[in-house]
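Trainee: First to last, the protein sequences are chains B and V. The first sequence begins at 1 in our numbering and counts up one residue at a time. The second sequence begins at 71 in our numbering and counts up one residue at a time.
Hints listed in this document are in silico derivations from the structure and should not be mistaken for laboratory results. Beta carbons are placed, not taken as given, at the ideal position from N, Cα and C, and that holds for glycine. It is possible that some hints are incorrect.
[Claimed, not checked] So the derived label-pair ranges between C-beta atoms look like this:
no. : chain 1 : residue 1 : chain 2 : residue 2 : range
1   : V       : Ala190    : B       : Lys69     : 16 to 26 Å
2   : B       : Lys69     : V       : Asp84     : 51 to 61 Å
3   : V       : Pro251    : B       : Ala26     : 25 to 35 Å
4   : B       : Ala26     : V       : Glu213    : 30 to 40 Å
Each chain is listed here by its residues.
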Amino acid sequence: MTSAMLRWKEHHYARATEFAQLLAEALAHAPAPMPHAPAATVPRPAPTLPKPRPAAPTAAAVFKAIPWKK
Amino acid sequence: MATNDVLASCGLSDLVAGEPFGHDAEGRLIDPAGARVVFATAQAARSLRRVLETEETGAWHATMKECGRDCGAKIAARIDAVLAGLDKPVLTALPLEACLALLEHLFAAHGWGRLQLDLADAAEHGIVVARLEHSFFVETLAEADGFADAVLAGILRGFFGHVSGQALDCEEIACARSGAPHCTFVLTAPERLAAIAPLIGREDSEALLARLRQ
Numbered sequence: 001m002t003s004a005m006l007r008w009k010e011h012h013y014a015r016a017t018e019f020a021q022l023l024a025e026a027l028a029h030a031p032a033p034m035p036h037a038p039a040a041t042v043p044r045p046a047p048t049l050p051k052p053r054p055a056a057p058t059a060a061a062v063f064k065a066i067p068w069k070k
Numbered sequence: 071m072a073t074n075d076v077l078a079s080c081g082l083s084d085l086v087a088g089e090p091f092g093h094d095a096e097g098r099l100i101d102p103a104g105a106r107v108v109f110a111t112a113q114a115a116r117s118l119r120r121v122l123e124t125e126e127t128g129a130w131h132a133t134m135k136e137c138g139r140d141c142g143a144k145i146a147a148r149i150d151a152v153l154a155g156l157d158k159p160v161l162t163a164l165p166l167e168a169c170l171a172l173l174e175h176l177f178a179a180h181g182w183g184r185l186q187l188d189l190a191d192a193a194e195h196g197i198v199v200a201r202l203e204h205s206f207f208v209e210t211l212a213e214a215d216g217f218a219d220a221v222l223a224g225i226l227r228g229f230f231g232h233v234s235g236q237a238l239d240c241e242e243i244a245c246a247r248s249g250a251p252h253c254t255f256v257l258t259a260p261e262r263l264a265a266i267a268p269l270i271g272r273e274d275s276e277a278l279l280a281r282l283r284q
């Protein structure tokens, strides 16, 4: 291993968080409108919901009611 | 109901319609903002894994999961910004089905796989289950050992953390690369996942979910 590679390796761990954030930025890149996806046109089973809902609750209301810590 | 029908019923068809990329006068691929775009290949993903694992065993999994968490939160924030720009409710104010449909669409649009979210155990047991078919990482990293989808577990964690306002964690509890019929993820409070962590990979997904239901 060259001295340059050693320096890179030592530096790599010091900046691991920045590396993950930069990679996340690249992965998250999705222009608006979001890309058309053929799979989205395929009928799929409706998400299995906790209970039938007469009036569709908001996502926030459902997630607030979930006992995450049980 | 089909994903597109769910989104259409909420007036969100425009959000997922149209072509995402075009070409500039020089023929270069660009996004709607004019930024040049290139695509990373499956080989790039394999190379990244090889480099990180050569650095330190386990580095790829840990790095990808943290990267995914950050990515999932960014994605949710960007969808909120797009929705606000269209004078639509943000993710948390959408009907639950539309919020979930957008996430499922997003997975397909990025080429990560076909995601199905299951909240059947949410109200009583406090867990959300996600099942993924045709995982990009399973197919791309077929020769590697262990579970393949750390970045997707992180993305689910980041996205659901954003829309729930809760400190949640997500673990992949079965992976098609290890012989499961599909990849399975579970979201819940971090301490509950920590309790089953030593059993992941040793017990199948149904056994692990049964433990979380106790």
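Trainee: Which of the listed hints are broken here?
Mentor: Violated hints (numbers, rising): 2, 4; every other hint is consistent with the structure.
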